[in-house]
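S.K.: Construct the entire structure; sequences and hints are all you get.
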Amino acid sequence: MSEKPHLSVLDRPNSYIGRSVPRPNARRLLAGRGQYPSNVSLPRMVHVAFARSPFAHARIVGVDTEAARQAPGVVGVFVGEDIAKICQPWVGTLEHFAGMKSAPQYPLAHNVVRWQGEPVVAVVAQTRALAEDALELLLIDYEELPAVTDPETALDPDTPLIHPELGDNLVFGSKVEAGDIERAFAEADLVVEDEFHFGRHTGVTLEPRVVVADYDPSEERLTAYHGTQTPYQMQDVYARHLGLAEENVRVVVKDIGGAFGIKLHVHGEEMTTCALSMLLKRPVKWSADRLESFVSDIHARDHRVRARLALTKDGRILGYDVDDLTGVGAYSVYPRTSAVEGNQVIKLVGAPYTQQHYRAVLKVVLQNKNVMSQYRAVGHPIAFTVTEALVDKAAAELGLDPMELRARNYVPDDAYPYKSASGFTYEGLSLQRSLEKLKEMIGYPELREEQRGLRDKGVYRGIGIATFVEITAPGPAFYGVGGARISSQDGCSMKLEPSGKVQLAISVNELGQGTETIVAQIAATELGIAMEDIRVVTGDTGATPYGGAAWASRGAAIGGEVTVRAARALRDSILEVAGASLQTSPSELDLRDSLVVSREDGEELISLAEVGRIAYFRSDTLPPGFQPQLSVVRHYSPQGLPFAFTNGVHASYVEVDVDTGLVRLLNHWVVEDCGRVLNPKLVDEQARGGVAQGIGMALFEECLYSADGQLTNGSLADYLVPLSSELPDIEVAHIETPSQYSEIGAKGAGEAGTAASPAAIMNAVNDAIAPLGGRVTAMPMTPERILRSLKRI
Amino acid sequence: MKSPQFDYVRPGSLDQVLDLLAEHGDEAQVIAGGQSLVPTMNMRLAAPSVLVDVNHVPGLAGVELCGKWLRIGALTRHAEIACSPEVARHAPLLARAAPYIAHEAIRNRGTFGGSVATADPASEWPACCLTLGARIHLASRKGTRTIPAEDFFEGVYQTAIEPHELITHVEVPAAADGMLYGFDELARRKGDYAIVGLAVQARIGAKGPMKLLRRNDQRLSEVRLGFFGVAETPVLAQQAAAALEGRPLDAESIQAAQSALADDLQPLSDLYTSAEAKTHMTRVLLGRVLHALSGDHSA
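Protein chains in written order, with my numbering: chain X, 1 to 793; chain Z, 1001 to 1299.
Note that these hints are calculated values from the structure, not bench results.
Even glycine gets a Cβ: it sits at the ideal position worked out from N, Cα and C.
Incorrect hints may have been included.
[What the hints assert, rightly or not] Part of the chain X face toward chain Z, derived, beta carbon under 8 Å:
1. D401
2. N713
3. L723
4. L787
5. S789
6. K791
7. R792
[What the hints assert, rightly or not] Derived SDA-like pairs (lysine to any residue); straight-line CA-CA distance at most 25 Å:
8. K791/X - Q1266/Z
9. K1190/Z - E136/X
10. K457/X - Y1272/Z
11. K1002/Z - R44/X
12. K1002/Z - N713/X
13. K1002/Z - E685/X
14. K791/X - A1275/Z
15. K791/X - A1260/Z
16. K1002/Z - G640/X
17. K791/X - S1269/Z
18. K1002/Z - E731/X
19. K1002/Z - K791/X
20. K791/X - L1293/Z
21. K437/X - E1245/Z
22. K1002/Z - R461/X
23. K1190/Z - S41/X
24. K457/X - L1293/Z
25. K1002/Z - I140/X
26. K457/X - Q1255/Z
27. K1190/Z - T127/X
28. K1190/Z - V721/X
29. K1190/Z - L42/X
30. K457/X - K1068/Z
31. K1002/Z - T127/X
32. K1190/Z - I140/X
33. K1190/Z - R128/X
34. K1190/Z - S724/X
35. K437/X - L1293/Z
36. K1190/Z - L161/X
37. K1002/Z - V658/X
38. K1002/Z - L790/X
39. K1190/Z - E655/X
40. K1002/Z - S41/X
M.R.: And the structure:
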């Protein structure tokens, strides 16, 4: 008998792994057959619109709803107390963040409004337009209170308290320390420092937030067609806060028009809409318009970071000393909190380097502004802008090439596993190889040559490099230990249809990133069938196993691994049935081209369709007592380390018009290592989309607030997102350092593009304007800021 | 973001339009391309009770040379102007400005008359009209009247149009030999409203029969510098223009014009750009457009 080793999913014949196969769902979407929650329309459905606070901070003195109730088409008008009766408020804290505090947040404002745009009154009508008509008839009497808007003074004793019961405006403070930072700085040959500012920005998803809530009182059952990236988390939240049995809540999200981290937080509007469906006993739809999105979708970033870097004269990094102050709006967001971003900043500064000494202090403070929370590449763009801007500054002081200074300090490729100064353990990174590959890609010496030549002609171009080390695919140490009911595991079920084809249901869901494609690639490879023969179901808590879904770049690493395991189980089951039918041992059999074949010589024995036929319709032909098991389910939670760290390096090439302060992006390059690349095209597109968002952060996007807390640019006419004409070519290359903790070896890929692109662009701009004495450390780098740094104004 | 209810009328003739405007006064709003009006209505910043759709009124669209004037129908789309040979020949300033207007989809729908009537201080057509000395033709039940561009733009989104009036067409002087036209604007994204923008017209050399006698005369005259994005309306920089009048277009005169600009403009800040930065940018832009013109001319 042969002793052939079992083939892993990676080396099976006709593997789909590593191939840029097209998305099976693309045809449906391109044909206009997408099933977005925005398109959901149910019988007897009514629409809700919200009256929002015009003030950043005010007491609600009275609400007169009478005229609105009488308006045409109005079904009901509801104030905060009405909703609070059936929906419990929430508090955005996690137990493992010691000392963290926030106040109870109600779905509709309760007595006091704390940001401009906070929902206050819900009007339900036959159409959205009629609801908006009725909104104009509401009389809401406010008594304005002083607004707290500047994080720098949020903790001053004479600053008003946003939530008096908390005692101060501090949500969370933390400190990370390693080595002897004071001594390192005292003994350093060179210390460089800067103060950085990162403006607030927001996600601007193509499809705004939407929920259609359908409550059926006969079964006390709520179905929410909700544009969320975390349907299971929302199932739990809806059940607990609305007092429903968890099994009676079903969250469905088939297609979703972008999420980017915006759509995994609990916002008052969705909670209110579900409560309204329960109160009215009929379907209620809320679909944010763009003006609402700007004042109610979570905002992101908003940091002031003071940082310094100590080095020896031969360019060895001794350590970073970091102070991060971040303003998070009126509440810590539920259930993931608004502290994770800052917490990642203070653990990631200097992450690529072998620093022995480290200190980072974080303060997370409240403001009378829209809430702030996790958005794509949480904390990373802040940490790596600080890290890499200081490296460039030091390189200039030391007269070293910025590439060289990085190469001297990277954690070496052969030093893994490696424990970072902030306490992270990296399983395996490829910083040195990534930098070498980047140098080759960009033609570094030639690019420098071109830069010098043009500078003599008065053309100011800059080259910026930025490295990142990224947290992906976290295990339960991230939220679970903090008491949040957010799963870090995912589940995948599969069944063989009688036709010999396969239906696969999985808890990681599709946000446009291609999850459905890669799980089909993996399952098809393991099962020896064509991808077309797999139907993938995602985004329905009533039809898929329980899991974490889509956050923190976990689809490939966790979803991919659970898919291999489920497919292996189904394959074993199929071979058992085939073995029973053929009266041979399953270990003698293999699957290939939808056939059961002899493992020894590949002889074609029976088709999968025949296995299905026998198992489902002619089990009488099988040995007595044998029961075919052609539906399987497997669950997988990340093993080994708390996170799957990835790494990479970006380069940006820009031209700065030094008379106008306008920046033109000429090219952008990314080398990234997300472990095993399952589908290069999908990973490349993730990187490119992420870079586009990083470009927004670096050059364009900022939620501008007046001193009294009014958002002054809350529309797409005034809030600038980069458009296709602003994007340069973005070239992507890969290094593969597969994780040893999983068979699939994939790590997260969804946020690498955003993690360091802003840093690369800032370094490029500063490289361009350095000869004229300019240096910008605030994002977005507007013409105004660049002109000021150049002292043109 | 849903508009309040309104009535919609689609008249088939200019007479019907004018009747409707006379009947409804400022309750009515003319819709052509709708590129500014529709978002404004959806944001409930405008709530007309009647929309008068002029898209099917014959005679309102198109470009035509009428003697020394180029007549541009109010309903002419930006895209038509961008690719019209008549415009390229007789109103090169408009041809240069057209690509800066928003994006292709908007240029396909938005109209010349609509942009002039909307009078956004940062948009291109009002500034071009002012620079060229355009005449805006209005019609109402009471008759027609013609307003020079200088008197037409009164403030942010405010013009001399009365509620019962419709812009039928705009006339710009047809380009003559020796006229130079320049256009540029600064924007952070392609297609955005300008942070600052500039339309330039000038004559170089002598006019008419004197041309033959004074062939080497390279002096500037009829200089008009129309800035936009700097004030509540487009603005002619008179002092800067005066600094160029009678002088050749060279580094020295350009610098003199830039220096004189401080007396002409006190730019207003916008969301992202301070008055100080805009002041600086207007100088830079003036220098660039004039240098480009001097290059064009010598070439």
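S.K.: Now, for every hint given, state plainly whether the structure supports it.
M.R.: Consistency of the hints with the structure:
1. D401: 32 Å, violated
2. N713: Holds, about 5 Å.
3. L723: With a closest approach of 6 Å, the L723/X hint holds.
4. L787: Holds, because the Cβ-Cβ distance from L787/X to chain Z comes to roughly 6 Å (cut-off 8 Å).
5. S789: Violated, because the Cβ-Cβ distance from S789/X to chain Z comes to roughly 12 Å (cut-off 8 Å).
6. K791: 11 Å, violated
7. R792: 6 Å, holds
8. K791/X - Q1266/Z: The given pair, whose Cα atoms are some 20 Å apart, holds under the 25 Å limit.
9. K1190/Z - E136/X: It is violated: about 36 Å lies between the C-alpha atoms, which goes past 25 Å.
10. K457/X - Y1272/Z: The given pair, whose Cα atoms are some 30 Å apart, is violated under the 25 Å limit.
11. K1002/Z - R44/X: Status holds; Cα separation ~21 Å.
12. K1002/Z - N713/X: 20 Å, holds
13. K1002/Z - E685/X: Roughly 35 Å separates the two Cα atoms, so the pair is violated.
14. K791/X - A1275/Z: The given pair, whose Cα atoms are some 15 Å apart, holds under the 25 Å limit.
15. K791/X - A1260/Z: Distance of about 21 Å is within 25 Å: holds.
16. K1002/Z - G640/X: At roughly 52 Å apart (the allowed maximum being 25 Å), G640/X and K1002/Z break the hint.
17. K791/X - S1269/Z: 18 Å, holds
18. K1002/Z - E731/X: With a Cα-Cα distance of about 41 Å, the restraint between K1002/Z and E731/X is violated, given a limit of 25 Å.
19. K1002/Z - K791/X: 46 Å, violated
20. K791/X - L1293/Z: Violated, at about 28 Å.
21. K437/X - E1245/Z: With a Cα-Cα distance of about 59 Å, the restraint between K437/X and E1245/Z is violated, given a limit of 25 Å.
22. K1002/Z - R461/X: 46 Å, violated
23. K1190/Z - S41/X: Violated - the C-alpha atoms of S41/X and K1190/Z are around 37 Å apart, more than 25 Å.
24. K457/X - L1293/Z: Measuring from Cα to Cα gives roughly 21 Å; hence the hint holds.
25. K1002/Z - I140/X: Holds, at about 21 Å.
26. K457/X - Q1255/Z: 21 Å, holds
27. K1190/Z - T127/X: 37 Å, violated
28. K1190/Z - V721/X: 12 Å, holds
29. K1190/Z - L42/X: With a Cα-Cα distance of about 41 Å, the restraint between K1190/Z and L42/X is violated, given a limit of 25 Å.
30. K457/X - K1068/Z: 44 Å, violated
31. K1002/Z - T127/X: Roughly 10 Å between the alpha carbons, so the hint for K1002/Z and T127/X holds.
32. K1190/Z - I140/X: Given that 25 Å is the threshold and the Cα spacing comes to 41 Å, the pair is violated.
33. K1190/Z - R128/X: 34 Å, violated
34. K1190/Z - S724/X: 9 Å, holds
35. K437/X - L1293/Z: Outside the cut-off at roughly 46 Å; violated.
36. K1190/Z - L161/X: Between K1190/Z and L161/X the Cα gap is close to 43 Å, so the pair fails against 25 Å, i.e. violated.
37. K1002/Z - V658/X: The hint is violated at about 43 Å.
38. K1002/Z - L790/X: 45 Å, violated
39. K1190/Z - E655/X: Between K1190/Z and E655/X the Cα gap is close to 16 Å, so the pair holds against 25 Å.
40. K1002/Z - S41/X: Holds - the C-alpha atoms of S41/X and K1002/Z are around 18 Å apart, at most 25 Å.
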